[in-house]
Amino acid sequence: MIDNLWVVLPAGQRRSGQWIDDTLRKRAVESGFLGRSPAAGEFPRQRVELFRGPDAANKVDQTFADRGWSDGLPVVAPTTGRVARAVAATGRSAGEVIGELDPLRGMATVEKIAVNAVMAGCRPEFMPVVLAAVEAITEPEFNLRGIQTTDENATPLVIVSGPIVDEIGLNCSFGVLGPGWRANATIGRALRLVMHNLGGGWPGAVSFAGAGQPGRYTMCVAENDAGSPWDPLRVELGHRHDESVVVVTRAESAVNVTGGLAEIASVMGSAASAFTVLHGGVPAVLLAPHVAAACAKRGLSRADVARELWERSRVGTEDWERWWVSKVAEPAEWVRHAAQSGQLSVTRSPTDIVVFVAGGDIPIAQHVYFPSWGHPPARIVKTIG
Amino acid sequence: MLRASSAAEAAGIPSSSLVCEGFLGQAATTADGLGMPSLPVAPVPGHVDTQTADELLDNVLNTTVDAVISNLTSEPAQAVEVIEPGATDVVFSGTFEEVNRLFVENRWSDGLPIFPPSRDKVEEFLAFTDLDPTTTLGTVLPDNRAVTVWSIAVNGVMAGCRPEYMPILVALGEAMADPAYGVEHSGNTPGAETLITVNGPIANELGFNHEQGVLRDGFQPNTTIGRWWRLYLRNVAGFLPHQTDKGTYGNTWRVVMAENERVLATIGWEPQSADFGFAAGDDVVTISRYTGGEVITSVFGQRPEEMVPYLADGLTRQTGWELCFTIGVAGSTYRPLLLLSPILAETIAKAGWSRQDLKVALWEAARLPAWKFESYLGDWTNLVPGNRTLNDFVNTGKAPKVFGESSDPDRLVPIVSEPDHIQIAVCGDPMRTNAYVFSHNGMLGFPTAKAITRPAGWADKLATARDR
Numbered sequence: 001m002i003d004n005l006w007v008v009l010p011a012g013q014r015r016s017g018q019w020i021d022d023t024l025r026k027r028a029v030e031s032g033f034l035g036r037s038p039a040a041g042e043f044p045r046q047r048v049e050l051f052r053g054p055d056a057a058n059k060v061d062q063t064f065a066d067r068g069w070s071d072g073l074p075v076v077a078p079t080t081g082r083v084a085r086a087v088a089a090t091g092r093s094a095g096e097v098i099g100e101l102d103p104l105r106g107m108a109t110v111e112k113i114a115v116n117a118v119m120a121g122c123r124p125e126f127m128p129v130v131l132a133a134v135e136a137i138t139e140p141e142f143n144l145r146g147i148q149t150t151d152e153n154a155t156p157l158v159i160v161s162g163p164i165v166d167e168i169g170l171n172c173s174f175g176v177l178g179p180g181w182r183a184n185a186t187i188g189r190a191l192r193l194v195m196h197n198l199g200g201g202w203p204g205a206v207s208f209a210g211a212g213q214p215g216r217y218t219m220c221v222a223e224n225d226a227g228s229p230w231d232p233l234r235v236e237l238g239h240r241h242d243e244s245v246v247v248v249t250r251a252e253s254a255v256n257v258t259g260g261l262a263e264i265a266s267v268m269g270s271a272a273s274a275f276t277v278l279h280g281g282v283p284a285v286l287l288a289p290h291v292a293a294a295c296a297k298r299g300l301s302r303a304d305v306a307r308e309l310w311e312r313s314r315v316g317t318e319d320w321e322r323w324w325v326s327k328v329a330e331p332a333e334w335v336r337h338a339a340q341s342g343q344l345s346v347t348r349s350p351t352d353i354v355v356f357v358a359g360g361d362i363p364i365a366q367h368v369y370f371p372s373w374g375h376p377p378a379r380i381v382k383t384i385g
Numbered sequence: 001m002l003r004a005s006s007a008a009e010a011a012g013i014p015s016s017s018l019v020c021e022g023f024l025g026q027a028a029t030t031a032d033g034l035g036m037p038s039l040p041v042a043p044v045p046g047h048v049d050t051q052t053a054d055e056l057l058d059n060v061l062n063t064t065v066d067a068v069i070s071n072l073t074s075e076p077a078q079a080v081e082v083i084e085p086g087a088t089d090v091v092f093s094g095t096f097e098e099v100n101r102l103f104v105e106n107r108w109s110d111g112l113p114i115f116p117p118s119r120d121k122v123e124e125f126l127a128f129t130d131l132d133p134t135t136t137l138g139t140v141l142p143d144n145r146a147v148t149v150w151s152i153a154v155n156g157v158m159a160g161c162r163p164e165y166m167p168i169l170v171a172l173g174e175a176m177a178d179p180a181y182g183v184e185h186s187g188n189t190p191g192a193e194t195l196i197t198v199n200g201p202i203a204n205e206l207g208f209n210h211e212q213g214v215l216r217d218g219f220q221p222n223t224t225i226g227r228w229w230r231l232y233l234r235n236v237a238g239f240l241p242h243q244t245d246k247g248t249y250g251n252t253w254r255v256v257m258a259e260n261e262r263v264l265a266t267i268g269w270e271p272q273s274a275d276f277g278f279a280a281g282d283d284v285v286t287i288s289r290y291t292g293g294e295v296i297t298s299v300f301g302q303r304p305e306e307m308v309p310y311l312a313d314g315l316t317r318q319t320g321w322e323l324c325f326t327i328g329v330a331g332s333t334y335r336p337l338l339l340l341s342p343i344l345a346e347t348i349a350k351a352g353w354s355r356q357d358l359k360v361a362l363w364e365a366a367r368l369p370a371w372k373f374e375s376y377l378g379d380w381t382n383l384v385p386g387n388r389t390l391n392d393f394v395n396t397g398k399a400p401k402v403f404g405e406s407s408d409p410d411r412l413v414p415i416v417s418e419p420d421h422i423q424i425a426v427c428g429d430p431m432r433t434n435a436y437v438f439s440h441n442g443m444l445g446f447p448t449a450k451a452i453t454r455p456a457g458w459a460d461k462l463a464t465a466r467d468r
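Line by line, the protein sequences are chains E and C. So the first sequence is residues 1 to 385, counted in our numbering. So the second sequence is residues 1 to 468, counted in our numbering.
It cannot be assumed that every hint is accurate.
The calculated lysine to any residue pairs, modelled on SDA-like cross-linking and capped at a C-alpha distance of 25 Å, are [to be verified]:
{"#": "1", "chain 1": "E", "residue 1": "382", "chain 2": "C", "residue 2": "95"}
{"#": "2", "chain 1": "E", "residue 1": "382", "chain 2": "C", "residue 2": "43"}
{"#": "3", "chain 1": "E", "residue 1": "26", "chain 2": "E", "residue 2": "151"}
{"#": "4", "chain 1": "E", "residue 1": "382", "chain 2": "C", "residue 2": "91"}
{"#": "5", "chain 1": "C", "residue 1": "246", "chain 2": "E", "residue 2": "91"}
{"#": "6", "chain 1": "E", "residue 1": "26", "chain 2": "C", "residue 2": "43"}
{"#": "7", "chain 1": "E", "residue 1": "26", "chain 2": "C", "residue 2": "63"}
{"#": "8", "chain 1": "E", "residue 1": "382", "chain 2": "C", "residue 2": "143"}
{"#": "9", "chain 1": "C", "residue 1": "121", "chain 2": "C", "residue 2": "87"}
{"#": "10", "chain 1": "E", "residue 1": "59", "chain 2": "C", "residue 2": "46"}
{"#": "11", "chain 1": "E", "residue 1": "26", "chain 2": "C", "residue 2": "85"}
{"#": "12", "chain 1": "E", "residue 1": "26", "chain 2": "C", "residue 2": "59"}
{"#": "13", "chain 1": "C", "residue 1": "246", "chain 2": "E", "residue 2": "26"}
{"#": "14", "chain 1": "C", "residue 1": "246", "chain 2": "E", "residue 2": "48"}
{"#": "15", "chain 1": "C", "residue 1": "246", "chain 2": "C", "residue 2": "86"}
{"#": "16", "chain 1": "C", "residue 1": "246", "chain 2": "E", "residue 2": "47"}
{"#": "17", "chain 1": "E", "residue 1": "59", "chain 2": "C", "residue 2": "143"}
{"#": "18", "chain 1": "E", "residue 1": "59", "chain 2": "C", "residue 2": "293"}
{"#": "19", "chain 1": "C", "residue 1": "121", "chain 2": "E", "residue 2": "49"}
{"#": "20", "chain 1": "C", "residue 1": "246", "chain 2": "E", "residue 2": "92"}
{"#": "21", "chain 1": "E", "residue 1": "382", "chain 2": "E", "residue 2": "217"}
{"#": "22", "chain 1": "E", "residue 1": "59", "chain 2": "C", "residue 2": "375"}
{"#": "23", "chain 1": "C", "residue 1": "121", "chain 2": "E", "residue 2": "44"}
{"#": "24", "chain 1": "C", "residue 1": "398", "chain 2": "C", "residue 2": "375"}
{"#": "25", "chain 1": "E", "residue 1": "59", "chain 2": "C", "residue 2": "204"}
Hints are computed from structural coordinates only; laboratory data are not their basis.
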């Protein structure tokens, strides 16, 4: 019976002992989305379940999918051994509660996070990054409830900065947004599965993002220290050089921009930033090493780059008033005030733009603009480990 | 604390429970068990006992006060029901090893192998009670589950009990659910453990050990019924270490104790159950929660007067912070237990002493200086805040006069309010001059006794079960 698998169940349980799946099944039935998870809520109410061979791994995959515990991709069976190794890699106790995840308030214990990380394909050494990211999204200003339930397509953007990038093989260079690197792919996916299984952000049932986005499968990038002419992001945010941190924002999407600061500003000053403007958000700009080097050569610091982008990405009041969001939503007070002057900045202040260097070092430079969604402004920094 | 808040909320009075940081998880689970998962809690950072007055003030002003205001001015959310498997559902089929692994992984076991509670095994147990399996004997916190005859039998099978122990298990279930006992306190930090006593002829019929090694594992009824108690606390009441069971150290469950009733009859002493209104010959279980215990070895003497000082010293030495159950936290609920080996009891009885005479003599001898008693309540523990002296308690009617006969801090005061609060039982190696003393957890596990009811046709059923 070597093929039998003892697996730890990934589903979220509230402090009261209730499983969030009971709520999810009701919501899925109500909204006609039970087809994705026909066996939602149908599982033994216990920590560990035995899947018998032959072919137990496939049974786990199929059963978890039927119960709704999947992002659609195959999952690794979270066996007791794999989960125990993942928990051990955190140096924390399995039962420690990192937070209760909105909107359905499943308890994110270290063990439950480990289960979802194993399912996502994380190696044990990725766990400290996953834990830091989960800590970040439980901060009130992250507004996880909003991210999980909104009809917008936002998702957490996880930026990792520090020595751990090299230690665990996070990609910060060519193809930083993927595909191809285990750590980037699975850390971002682990965070999504945690939000999905412990917070209950099931699409169609609880999450009403109109279109979703590929970044909802995974979106974890690393800062390219070697390719950056400036102090690393973590140092600018007040951490030591030898520390590793995650910086987490709410990203509406990931928009490619080829060229220099002018082109980036042009995209920033468009309707792509509508929600960023509305609430005064925290957008992020992934700057290619080549352009970062050129900026530094011009004598620009990272803050100067952010200011230049801030100044050049103004939105005309006329445009702003034509945009859908300005008609249907109540903008922040400072936005209304600025609109009276004829033009609006994309963020309240240049320091609200997160600029970091990543990607491959080629002359035809590609950058990524991550407009933000929702309020309050959120740039959450958590130390890893 | 949360129980008081839940009562207040139930009466429509807004509440806010102040809870130290380390207890927030326990508070949440306790609130769930009370059927009020949203019972408002105001966290106090850290632990108040280790903070200076300034630190505490800072913490309360910066964190606690806001929560209190919000708790008292907003409405808690409605209670919710947790869906669990049905009592008679088969949740698993597999080999002995697989069942055991499943039970350990899902925290339904104490870590030792359990006997798989299959339906046929449970039915064997149910044959030894006339009660319907769905009969509810009460509910137990923190999980607020019903104590049912069915779940008693299931945990009995798991613990390795024999079916014929069922009448004892049912009586224990009833005792656990008796509010007088206070099972809801079983997860408190001192981590005391329950001792079960069995009295009456049923003890011999079922083969309980009451003599040499009475507190030792190795005798099926003593061992497995003791284990059943802990499994039932885990699986039905819901006490899980690292969650609702906050015992700082804890210890293993105690095996069941039985008295040497033949010796008691010979010397004319009543059994322990007589303290609860039962007569010799009644089948009775008694539960009580003890914080610790120690053997009193080589009690020397031919007359009770020679033996009492040493026995009383044992009682005094085992009693420290527990004095808050004599005066302060829950006055007059401290019930230490002295076990006498038969030969000691016989020697004392030979001098014409009754059990009552011995209690009085021990009460008069088991004393400590008033300053030390006060230190246990105040200076050393702050269990009873306010720096009150024993005389303060006496003067405000909160302690008997015996604790305030002078203002001399070196005067000797008793460890319990009256002689009857010292419990005595007779068991252990009949020919050894040793005794044993248990310190007690007061109202947080108060002595509670229940009659054991034998099923119709007991003798036949017992004979059949033995031959099986």
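Which of the listed hints are broken here? 1, 4, 6, 7, 8, 10, 12, 13, 15, 17, 18, 22 and 25
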